[in-house]
Amino acid sequence: MFHAGWNSCLADDDCHHGDDYRYPGNKNQHYLAPVTNPVYKETCGACHFAYQPELLPAASWQTILNNSADHFGESLEIDDDSRKGIAEYLQANSADKSGAKRAVKIIRSLGSSVPQRITDIPYIREKHHEISAKVFERPAIGSLSNCSACHKTAEQGIYL
Numbered sequence: 001m002f003h004a005g006w007n008s009c010l011a012d013d014d015c016h017h018g019d020d021y022r023y024p025g026n027k028n029q030h031y032l033a034p035v036t037n038p039v040y041k042e043t044c045g046a047c048h049f050a051y052q053p054e055l056l057p058a059a060s061w062q063t064i065l066n067n068s069a070d071h072f073g074e075s076l077e078i079d080d081d082s083r084k085g086i087a088e089y090l091q092a093n094s095a096d097k098s099g100a101k102r103a104v105k106i107i108r109s110l111g112s113s114v115p116q117r118i119t120d121i122p123y124i125r126e127k128h129h130e131i132s133a134k135v136f137e138r139p140a141i142g143s144l145s146n147c148s149a150c151h152k153t154a155e156q157g158i159y160l
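For the sequence shown, the residue numbers in the working numbering are 1 to 160.
Treat each hint with caution, since some may be false.
Using 25 Å as the maximum straight-line C-alpha spacing, the simulated DSS-like pairs for lysine-lysine come out as follows [what the hints assert, rightly or not]:
1) Lys97 to Lys41
2) Lys152 to Lys41
3) Lys97 to Lys84
4) Lys101 to Lys134
5) Lys101 to Lys41
6) Lys101 to Lys152
7) Lys97 to Lys127
8) Lys134 to Lys152
9) Lys84 to Lys152
10) Lys152 to Lys127
Bear in mind the hints are in silico, worked out from the structure with no lab data behind them.
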C-alpha cells in the first residue's frame, strides 16, 4: 500500500519529515554525527543539550567560545586545556566541514551570517515555522533550543 502523503514527501527533499534518511537504501546523509568529545559533552551538556558541531559553522563556534564571559547571560568557567580541546573538536566537526545534507543546508541558508544561536539559523527556523508559539510555552519544551523535547533521537544526531 502506498500512501499519497508519504509519496509526496519522497519527491520533496525539503519536506519536514520526508527527508530521505527514513527510506531504504539511504546512507543516512541527513544524520548528524553524535557528540563524541567527552569534555565538550560534559562541560556544555551540564547546562544544556550538547549540540552536534554540525549545527553551526566553525566561525559561530569560535565566536561562542571567544565570548565565554557572556554566554547568553552566563559566564562559562572552562579551564584553558578544556577550552582548547572543545574548540578543536567544534572547529573540526562544524557544519562547514561536514558533508551531511542537513549541515550543507544549514550552511547554504546562512549566507555570510555567523549566528551565535542555532535557533537563528534560517534552515532551522524554516523547519519549525509551522509550530505554534503555544507549543514553546509548555514547561516540558520551553523553547526552540530544547531539541530533545521533541526530537527524541537528537542526541544521536537524528532529527525526525
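Against the structure, the hints come out as follows:
1. Between Lys97 and Lys41 the CA atoms are separated by roughly 20 Å; this keeps the pair inside 25 Å, and the hint holds.
2. A distance of roughly 17 Å separates the Cα atoms of Lys152 and Lys41; the hinted pair therefore holds under the 25 Å criterion.
3. As the CA atoms of Lys97 and Lys84 are separated by approximately 18 Å, the hinted pair is consistent with the 25 Å bound.
4. Between Lys101 and Lys134 the CA atoms are separated by roughly 30 Å; this puts the pair beyond 25 Å, and the hint is violated.
5. Restraint check for Lys101 and Lys41: the C-alpha separation of about 23 Å stays at or below 25 Å, so the hint holds.
6. Annotation: proposed proximity of Lys101 to Lys152 holds, straight-line Cα distance about 20 Å (limit 25 Å).
7. At most 25 Å may separate the alpha-carbon atoms for a hinted pair to count; Lys97 and Lys127 meet this at roughly 22 Å.
8. Restraint check: the Cα-Cα separation between Lys134 and Lys152 comes to about 20 Å, which is no more than 25 Å; the hinted pair holds.
9. Restraint check for Lys84 and Lys152: not satisfied, since their Cα atoms lie roughly 30 Å apart, outside the 25 Å limit.
10. Between Lys152 and Lys127, the direct Cα distance comes to roughly 16 Å. Compliance with the 25 Å bound is thereby established for this hinted pair.
Checked against the numbered hints above, the structure violates hints 4, 9; every other hint is satisfied.
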